[in-house]
Amino acid sequence: MNRDIAKSRQRRRIAAGVLTMTAFLAVFVTPFIFILFQAVKDRRAANRLEFSWPESWHFWENLVAVIEARNYIVLLAFFNSTIITVASVTLLVIFAAMVGYVLSRRRTRFNGIVMALVLAGLMIPPAVVPTIWVLQGLGLFKTIHGFVLIQVAYGLSFSILLFRAFIATIPRELDEAAIIDGAKPLQVFFKVVLPLLKPVVVTNIVVQSVTIFNDFVNALYYMPGRENVTVQLTLFNFQSQFSSQYNLLFMNILLITIPPLLVFIFFNRQIVAGMTAGAIKG
Amino acid sequence: MQQKRKRRSPYPTWFFLPAAIIYGTLFLVPNIASLWFSLTRWDLFTAEFIGLANFRQFFSEPFLVKSILNTIIYAVVTSGLKTVLGLLLAVLLVSPIIWRGALRTIVFFPVMVSTIGVGIAFTALMHPTRGAINVALENAFGIIGPGWLTDPSLALLSVAFVDIWKGVGLATVIYMAGVVSIPQDYYEASRIDGATKVQQFWRITLPLVWPATITVVTLSLISGLRYFELIWAMTGGGPGFASDVVASMIYKQYQAGFYGLATAGNVVLFILIALIVLPMTWWFNRREVEA
Chain A
1 MNRDIAKSRQ RRRIAAGVLT MTAFLAVFVT PFIFILFQAV KDRRAANRLE FSWPESWHFW
61 ENLVAVIEAR NYIVLLAFFN STIITVASVT LLVIFAAMVG YVLSRRRTRF NGIVMALVLA
121 GLMIPPAVVP TIWVLQGLGL FKTIHGFVLI QVAYGLSFSI LLFRAFIATI PRELDEAAII
181 DGAKPLQVFF KVVLPLLKPV VVTNIVVQSV TIFNDFVNAL YYMPGRENVT VQLTLFNFQS
241 QFSSQYNLLF MNILLITIPP LLVFIFFNRQ IVAGMTAGAI KG
Chain B
1 MQQKRKRRSP YPTWFFLPAA IIYGTLFLVP NIASLWFSLT RWDLFTAEFI GLANFRQFFS
61 EPFLVKSILN TIIYAVVTSG LKTVLGLLLA VLLVSPIIWR GALRTIVFFP VMVSTIGVGI
121 AFTALMHPTR GAINVALENA FGIIGPGWLT DPSLALLSVA FVDIWKGVGL ATVIYMAGVV
181 SIPQDYYEAS RIDGATKVQQ FWRITLPLVW PATITVVTLS LISGLRYFEL IWAMTGGGPG
241 FASDVVASMI YKQYQAGFYG LATAGNVVLF ILIALIVLPM TWWFNRREVE A
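Going down the list, the sequences are from chains A and B.
Count the first sequence with the numbering used here and you get residues 1 to 282, in order.
Count the second sequence with the numbering used here and you get residues 1 to 291, in order.
A couple of the hints might just be wrong.
Said to hold, decoys possible - Computed Cβ-Cβ distance ranges for the label pairs, DEER-style:
{"id": "1", "chain 1": "B", "residue 1": "Leu278", "chain 2": "A", "residue 2": "Trp60", "range": "53 to 59 Å"}
{"id": "2", "chain 1": "A", "residue 1": "Ala6", "chain 2": "B", "residue 2": "Glu188", "range": "16 to 22 Å"}
{"id": "3", "chain 1": "A", "residue 1": "Thr30", "chain 2": "B", "residue 2": "Phe63", "range": "46 to 52 Å"}
{"id": "4", "chain 1": "B", "residue 1": "Pro146", "chain 2": "A", "residue 2": "Leu25", "range": "22 to 28 Å"}
{"id": "5", "chain 1": "A", "residue 1": "Leu122", "chain 2": "B", "residue 2": "Thr196", "range": "17 to 23 Å"}
Claimed, not checked - To give a feel for the contact side, a few chain A residues facing chain B, derived at Cβ under 10 Å:
{"id": "6", "residue": "Thr30"}
{"id": "7", "residue": "Lys198"}
{"id": "8", "residue": "Asn268"}
Calculated from the structure, these hints are not laboratory results.
Note that the Cβ used here is the ideal one computed from N, Cα and C, for glycine as well.
Based on the sequences and whatever the hints tell you, model everything.
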C-alpha cells in the first residue's frame, strides 16, 4: 500500500512538472519563437504578423540584408557597443573594487558620506539635461569616451555594494601579511586582494555588461547622431525605417539577443548570484 | 623612541578618488545644477531665471499632470504584480518540482534581453487586428480583442503587462534566495503540528521572506518610477499622451528644446521617488525590527 502512495505521489509530481513546464513555455518562450519565426520569413509573410510556421526559410538572405542596411550600420553599432561595454565594465570593476575595499577595511571619516552617495546613486534619477551641459563643457558630448564615463558613473553604486559585501568576507590577515612584507597599497590591492575577488568580479562583469549592452535611454540622450550609434539605438531607429519589412526588424532583434544569450548560457550561476547578492540583507 | 611620523594607512582614502571624480562630475554636479536650471528658461548656453514658472507649468498642463498620475499607476501596478508573482514563482521553483533548473532558466531569460527588442515583438503581438493575441482570442473564444496599445484606457496597462513579463524573473530570483534561506526546521515542526501547505505559506514563508520583499518592492518601485524604455519602444507615450510618464515627458520636453522645463521634470521625478520610497523604506525597516 505504501508503494501505491509513493507511486501516486510520483505521478502527481510528474503531472505538476509537465503542467508547469507547459505554462512556462507558453508564457515565457512563445514570444521568442515568434521573434525567430518572423526573422526567417520573407517580407510578405512577416508583414502579416501571423504566429505561424514559416512557409519558406530566408535566414541568410535576411541576415545579409540587415547587415548591409544603411551602409553596414549594424556592424558599426556592434563595434561601438562592444567598445563601450568592455571599456565601461573594466573601469567599473577596478574603481568600484577600490572603493569597496577601503570602505570595508578602514573606518575613515568619509565612510558615511560614501555610503550615502552610493545609495543616492541607486535612487536618484540622473538629471539628464544638466549632464549634457556638463559633457558639452568637457567636450565629451556625443563621444564614446564620454558615454563610457556616464555608464561608469551610473553603474558605480551597484558595483560598490557588491564588492563591499564580498570583501567583508575575505580575512584581513591576507592583506596584512602582504603589508608586513612591505607591499605598497596598490600592490596589495592589485596583487593580493583583486585576485581573491574573482567570483564577485565575474558577477560584476556579467551583470554590468548585460545592463550596459542593453541600455537604450542613456544612448538616446547622450549619443545622438549617426556615427555613434549603439545596437539598441539602431534597433529603435529600424522600427520606423523597417515598418514594412518586419522580417528584417525581427532579424535585428534576433542578432541583438545573441550576445546576452551567450553570456546567459555560460554565466547563469553568477548572474543569479549577483542579482541576489546583498538582496537578503535588506 | 617616539613614533617618528604617523604611518600612512595601507588602505589609502585616495582609492575613493577615481570613482569620486567620475561620479561627482557626471552624477552629482548635474543633479545639484538641476536645482538651479529647473528655475530657469534655458537653452544650454544662457539661463534666464524665471522662478517657479516651470513647476507651475508642470502642475497645470493637463498632459503633464496626467504623466505624473501615469507614473504612479505604472510603478504601483508593475511593482505590485512583480512582487506577488515573483513570490509565488519562487515558492514553486524551490519546491522539489521536476525540471526545476530549466524552469528557473526560462523565467529569468527575459530579464537579460534587450528591452527595445521585447517592446517591438510585443507591439507586433498586440496589433489590434493582425496581432497573434487578438487572432488567438478570436479563434479560441470568438472574442474581438481590444486595441491593446491603441485604446487610450488600455495602453499604459498593456505596456505594464509586458514590463511584468520581462521583469518578474528578477523578483523571482531574489525571492528564491530568500525562501531557500528559511530554515527547514520551521516547516518540519509546523508539519508535525498539522499545518497545511497554505498555512505554512502564510505563517512561515511570507513573514520570513520579509527582507527579500523589501528588496523586490523597493527595486521594482524605483525602476518603475524612473524608466520609460518600454513605453518609448511600444507606444511612444501615445495614443495622444495616454501612456506618457514623467520620464518620457522629460525626454519630449528635451527634444522640443524646453531644457528648463525638462530639468524641472527631473526634479519633480526625484521628489516623487523620494516621497514614495523614503517613507516606505522607513516603514519597512521599522516592521523588520518589530518582527
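Okay, the hints, checked on the actual structure:
Here the CB-CB span from Leu278 (chain B) to Trp60 (chain A) is close to 55 Å, well matched to the stated 53 to 59 Å. Checked against the given bound of 16 to 22 Å, the beta carbons of Ala6 (chain A) and Glu188 (chain B), roughly 20 Å apart, stay inside it. At about 35 Å, the beta-carbon gap between Thr30 (chain A) and Phe63 (chain B) misses the expected band of 46 to 52 Å. One distance hint, 22 to 28 Å for the beta-carbon pair Pro146 (chain B) and Leu25 (chain A), holds here, with the actual separation near 26 Å.
Between Leu122 (chain A) and Thr196 (chain B) the CB atoms are about 39 Å apart, so this pair departs from the stated range of 17 to 23 Å. Because the smallest distance between the Cβ of Thr30 (chain A) and any Cβ of chain B comes to about 8 Å, under 10 Å, the interface hint for this residue holds. About 19 Å separates the beta-carbon of Lys198 (chain A) from the nearest beta-carbon of chain B, more than 10 Å, and the hint is not met. Because the beta carbon of Asn268 (chain A) sits about 7 Å from the nearest beta carbon in chain B, less than 10 Å, this interface hint is met.
Hint violations for this structure: numbers 3, 5, 7, all remaining hints satisfied.
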